[in-house]
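S.K.: Produce the entire structure from the sequences given, and follow the hints as far as they go.
Count the sequence shown with this note's numbering and you get residues 1 to 237, in order.
Simulated from the structure, these hints should not be mistaken for lab results.
Model, not experiment: these values are computed from the prediction.
Quick reminder that beta carbons are idealized off the backbone N, C-alpha and C, glycines included.
Hints are not guaranteed to be accurate.
Listed next, the in silico DSS-like pairs over lysine-lysine satisfying Cα-Cα at most 30 Å (straight line) [unchecked claim]:
1) Lys-35 to Lys-191
2) Lys-12 to Lys-35
3) Lys-12 to Lys-191
Per label pair, the in silico range of CB-to-CB distance [stated by the list, open to error]:
4) Gln-61 to Gly-24: 42 to 50 Å
5) Ser-111 to Pro-188: 31 to 39 Å
6) Ala-175 to Ile-126: 22 to 30 Å
7) Ala-63 to Glu-97: 18 to 26 Å
8) Glu-228 to Glu-174: 40 to 48 Å
9) Pro-163 to Pro-11: 16 to 24 Å
10) Ser-223 to Ile-31: 16 to 24 Å
11) Gly-215 to Lys-191: 12 to 20 Å
12) Arg-184 to Gly-107: 21 to 29 Å
13) Asp-164 to His-193: 18 to 26 Å
14) Glu-20 to Gly-62: 23 to 31 Å
15) Gly-152 to Lys-35: 32 to 40 Å
16) Val-105 to Gly-178: 43 to 51 Å
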Amino acid sequence: MTWVAGVDGCPKGWFRASREVDSGVLRFDLIEDAKELCCFSTGEPTPAVVGIDMPIGLPAQGARACDRAARERLGARRSSVFPAPIRAALRATSHEEASRITEAVDGRRVSVQAWNLFARIRELDILLAPAAGARAPLREVHPEVSFCAWNGGQPMAAAKRSPDGRRERLALVEAWLGEGVLERARGPHPKKHLADDDILDSIAVLWTAQRIAEGRAQTLPGSPPRDEIGLPMEIVF
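M.R.: This is the structure we're talking about:
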């Protein structure tokens with residue numbers, strides 16, 4: 001049995017959508033600790049691929065080529081791609097400190113939206129930095145790039161939190177996994193802990209994870225560079 005998974009951050013932690021490739025069996029988990037992202041319960045198989053909507057490889061300075069390429073590809077949805085933090089700024093304990101570190105290196109400050117991701121990026125980086133084994137199944141995926149590829153190469157027409165945006169993304173998801181999958185994925189979790197767009201994003205990442213497992217995925221850029229600790233600076237779709 002080959003399992004693949006797609007992960008997106010949510011207010012309560014991390015939401016993981018998983019699928020067994022041959023049978024199509026689905027499972028959904030809300031996880032509080034990043035250490036649990038690449039494993040199921042004791043005695044169950046480990047996912048062969050875990051796509052995650054979070055920067056993995058971090059630049060020492062400047063913008064990543066994968067982020068520039070993703071913004072170019074997404075057109076009107078380009079604002080959904082936040083610049084990855086430079087690695088030195090990841091140690092910051094406040095927005096102001098992160099901005100000072102980044103400005104000294106790059107001449108730019110860190111947006112509030114980008115700063116709000118720092119804790120999750122740091123949590124993932126702590127998991128990956130010392131452990132080559134933990135790196136193997138994890139690949140960076142951006143949901144909007146995945147939805148664009150899924151939609152025949154056309155970016156989504158509306159923002160994901162708008163009613164029209166929700167409908168067009170849900171149409172792709174239900175065409176693949178069946179009607180009612182959003183409700184099944186939510187389970188008992190209230191929207192304050194797990195928003196609809198978190199679920200839909202995780203399934204878009206899952207769609208790409210299956211493409212990776214099947215050898216059909218592509219990367220931005222085509223030959224991704226690695227950061228100073230050997231992590232790939234890529235977005236897979």
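S.K.: None of the hints should be skipped; say for each whether it holds.
M.R.: Outcome of the hint check:
1. Distance restraint check for Lys-35 and Lys-191: the Cα-Cα separation of roughly 24 Å lies within the 30 Å cut-off, and the hinted pair is therefore satisfied.
2. Between the alpha carbons of Lys-12 and Lys-35 the distance comes to roughly 15 Å, so the proposed pair stays at or under 30 Å and holds.
3. The straight-line distance between the Cα atoms of Lys-12 and Lys-191 is roughly 10 Å, inside the 30 Å bound, and the hint therefore holds.
4. Against the hinted window of 42 to 50 Å, the Cβ-Cβ separation of Gln-61 and Gly-24 comes to about 44 Å, which satisfies the hint.
5. About 34 Å separates the C-beta atoms of Ser-111 and Pro-188, a value consistent with the hinted range of 31 to 39 Å.
6. As the Cβ distance of Ala-175 to Ile-126 is approximately 38 Å, the hint placing it in 22 to 30 Å is violated.
7. Under the hint 18 to 26 Å, the C-beta atoms of Ala-63 and Glu-97, about 21 Å apart, fit the expected range.
8. For Glu-228 paired with Glu-174, a C-beta distance near 42 Å keeps the hint of 40 to 48 Å intact.
9. In this structure the supplied range 16 to 24 Å holds for Pro-163 paired with Pro-11, their Cβ-Cβ distance being about 21 Å.
10. A beta carbon spacing of about 32 Å between Ser-223 and Ile-31 contradicts the range 16 to 24 Å that was offered as a hint.
11. The given range of 12 to 20 Å is broken by Gly-215 and Lys-191, whose C-beta atoms sit roughly 37 Å from each other.
12. Range check, Arg-184 to Gly-107: Cβ separation about 47 Å, and the 21 to 29 Å hint is violated.
13. One distance hint, 18 to 26 Å for the beta-carbon pair Asp-164 and His-193, holds here, with the actual separation near 25 Å.
14. Checked against the hint of 23 to 31 Å, the C-beta distance between Glu-20 and Gly-62 comes to roughly 40 Å, which is inconsistent with it.
15. Between Gly-152 and Lys-35 the C-beta distance comes to about 37 Å, which sits within the given range of 32 to 40 Å.
16. Checked against the hint of 43 to 51 Å, the pair Val-105 and Gly-178 passes, with Cβ atoms roughly 48 Å apart.
In this structure, the earlier hints numbered 6, 10, 11, 12 and 14 are contradicted, and the remaining ones agree with it.
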